[in-house]
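Undergrad: Numbering follows numbering that gives the first Met the number 0, with no gaps: position 54 of the sequence shown is 53.
Keep in mind that the hints were calculated from the coordinates and are not lab data. We treat Cβ as the ideally placed atom computed from N, Cα and C, and that holds for glycine. The reader is advised that the hints may include incorrect statements.
As the list claims (entries may be wrong) - With beta-carbon atoms standing in for the labels, derived distance ranges: (1) Ser43 <-> Arg89: 13 to 21 angstroms; (2) Glu11 <-> His85: 47 to 55 angstroms; (3) Lys94 <-> Gly41: 44 to 52 angstroms; (4) Gln55 <-> Leu88: 29 to 37 angstroms; (5) Gly64 <-> Glu87: 34 to 42 angstroms; (6) Thr72 <-> Glu7: 20 to 28 angstroms.
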Amino acid sequence: MRSKRSGEAPVERLRRHLAGADEGWLFASIASQVAERRRELGLSQAELASLCDTTQSAIARLESGGRPPRIDTLLRIAEALECELHVELRARVTKGG
């Protein structure tokens, strides 16, 4: 299914946005929060990866902004970091309206 406005599939638009191609706000924020919380808990990237059933390199890529994680990975990371994951949809603010 493609967006009528851009000709781009909604999933591709979301992937581009999460990867930082738009403003980068969401993924950059999550990446820094993961790194900060991991350090607060005194965990290495390898230790966090083990708790999340992923690899140290995947945690490093996430923290460096290399690639947006899947939602199931984010849920496992949130659990390992003793955090809640909140996802929110908001109506777009249109110009002039």
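Undergrad: Does the Cβ-Cβ separation between Glu11 and His85 fall within 47 to 55 angstroms?
TA: The hint (47 to 55 angstroms, Cβ to Cβ) is violated, given that Glu11 and His85 are roughly 24 angstroms apart.
Undergrad: Could you tell me whether the CB distance from Ser43 to Arg89 stays inside 13 to 21 angstroms?
TA: Between Ser43 and Arg89, where Cβ atoms are some 35 angstroms apart, the hint is violated.
Undergrad: Within 29 to 37 angstroms: is that where the Cβ-Cβ distance between Gln55 and Leu88 falls?
TA: holds, 33 angstroms
Undergrad: Look at the Cβ atoms of Gly64 and Glu87 and judge whether their distance stays inside 34 to 42 angstroms.
TA: Because 21 angstroms falls outside the window, the suggested range is violated.
Undergrad: Can you tell me whether the CB distance of Thr72 to Glu7 sits inside 20 to 28 angstroms?
TA: holds, 24 angstroms
Undergrad: Could you tell me whether the CB distance from Lys94 to Gly41 stays inside 44 to 52 angstroms?
TA: holds, 46 angstroms
Of the numbered hints given earlier, the model fails hints 1, 2, 5; all others are met.
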